[in-house]
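Be aware that the sequence shown starts at 1, since it is given in the UniProt record's numbering, and climbs by one per residue.
No lab work stands behind these hints, which were simulated from the structure alone. Careful: at least some of the hints might be erroneous.
To be verified - Here are the simulated distance ranges between beta carbons:
#: 1; residue 1: GLY28; residue 2: LYS5; range: 22 to 32 angstroms
#: 2; residue 1: LYS39; residue 2: LYS5; range: 39 to 49 angstroms
#: 3; residue 1: THR47; residue 2: MET4; range: 21 to 31 angstroms
#: 4; residue 1: PRO2; residue 2: GLY32; range: 36 to 46 angstroms
#: 5; residue 1: HIS31; residue 2: LYS57; range: 24 to 34 angstroms
#: 6; residue 1: GLY46; residue 2: MET1; range: 32 to 42 angstroms
#: 7; residue 1: LYS11; residue 2: LYS39; range: 24 to 34 angstroms
Said to hold, decoys possible - Derived DSS-like pairs: lysine-lysine, alpha-carbon spacing no greater than 30 angstroms straight-line:
#: 8; residue 1: LYS62; residue 2: LYS29
#: 9; residue 1: LYS62; residue 2: LYS11
#: 10; residue 1: LYS12; residue 2: LYS29
#: 11; residue 1: LYS21; residue 2: LYS62
#: 12; residue 1: LYS7; residue 2: LYS29
#: 13; residue 1: LYS11; residue 2: LYS21
#: 14; residue 1: LYS3; residue 2: LYS56
#: 15; residue 1: LYS15; residue 2: LYS57
#: 16; residue 1: LYS12; residue 2: LYS56
#: 17; residue 1: LYS7; residue 2: LYS62
#: 18; residue 1: LYS62; residue 2: LYS39
#: 19; residue 1: LYS57; residue 2: LYS12
#: 20; residue 1: LYS11; residue 2: LYS57
#: 21; residue 1: LYS62; residue 2: LYS15
#: 22; residue 1: LYS39; residue 2: LYS15
#: 23; residue 1: LYS5; residue 2: LYS21
#: 24; residue 1: LYS57; residue 2: LYS29
#: 25; residue 1: LYS29; residue 2: LYS15
#: 26; residue 1: LYS29; residue 2: LYS3
#: 27; residue 1: LYS62; residue 2: LYS5
#: 28; residue 1: LYS15; residue 2: LYS3
#: 29; residue 1: LYS12; residue 2: LYS39
#: 30; residue 1: LYS62; residue 2: LYS12
#: 31; residue 1: LYS21; residue 2: LYS39
#: 32; residue 1: LYS56; residue 2: LYS15
#: 33; residue 1: LYS5; residue 2: LYS57
#: 34; residue 1: LYS11; residue 2: LYS56
#: 35; residue 1: LYS62; residue 2: LYS3
#: 36; residue 1: LYS39; residue 2: LYS7
#: 37; residue 1: LYS29; residue 2: LYS39
#: 38; residue 1: LYS5; residue 2: LYS56
#: 39; residue 1: LYS56; residue 2: LYS21
#: 40; residue 1: LYS21; residue 2: LYS3
Here a beta-carbon is modelled for each residue, glycine too, at the ideal position from N, C-alpha and C.
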Amino acid sequence: MPKMKTKSAAKKRFKITATGKVVAAAAGKRHGMIKRTNKFIRDARGTMVLAEADGKKFGHFKEIMTWHA
1 MPKMKTKSAA KKRFKITATG KVVAAAAGKR HGMIKRTNKF IRDARGTMVL AEADGKKFGH
61 FKEIMTWHA
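Using the sequences provided together with the hints, build the complete structure.
Below, the structure written as structure tokens:
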């Protein structure tokens, strides 16, 4: 049986930590930054851990993501 393909879209957007949490980039920074507050822009830098409920949606991805530890 052939190997399962990695979900390329998920591979580019999410990372799974060693403890199993899902990390993603903050949303809302693609365009329209002029109307955002400086606090929002600062807080949206870098990555953030997804909420536990959202992280559970990745349970079936963990098995086929080749880059998962």
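Between LYS62 and LYS5, does the CA-CA distance stay at or below 30 angstroms? Given that 30 angstroms is the threshold and the Cα spacing comes to 12 angstroms, the pair holds.
LYS39 and LYS11 - C-beta distance against the hinted 24 to 34 angstroms: Between LYS11 and LYS39, where Cβ atoms are some 31 angstroms apart, the hint holds.
Would the pair LYS12 and LYS56 pass a check requiring their Cα atoms to be no farther apart than 30 angstroms? Given pair LYS12, LYS56 holds - Cα atoms ~18 angstroms apart, limit 30 angstroms.
Between LYS62 and LYS29, does the CA-CA distance stay at or below 30 angstroms? Cα-Cα ~27 angstroms, so holds.
Do THR47 and MET4 keep their Cβ atoms within the hinted range of 21 to 31 angstroms? Once the Cβ atoms are compared, 26 angstroms apart, the range 21 to 31 angstroms for MET4 and THR47 holds.
Is LYS39 within 30 angstroms of LYS7, Cα to Cα? violated, 34 angstroms
Does the structure keep LYS39 and LYS15 at a Cα separation of 30 angstroms or less? holds, 25 angstroms
GLY46 and MET1, beta-carbon distance inside 32 to 42 angstroms? At roughly 39 angstroms between Cβ atoms, MET1 and GLY46 fall inside 32 to 42 angstroms, so the hint holds.
For the pair supplied as a hint, LYS29 and LYS15, confirm whether the alpha-carbon distance does not exceed 30 angstroms. Given pair LYS29, LYS15 holds - Cα atoms ~19 angstroms apart, limit 30 angstroms.
CA of LYS15 to CA of LYS57, is that 30 angstroms or under? holds, 13 angstroms
Decide if the proposed pair is consistent with the structure: LYS57 and LYS29, CA atoms, cutoff 30 angstroms inclusive. Status holds; Cα separation ~24 angstroms.
Below or equal to 30 angstroms on CA atoms is what counts here, so check LYS62 against LYS11. holds, 11 angstroms
Violated hints, in rising order: 18, 26 and 36; the structure is consistent with all others.
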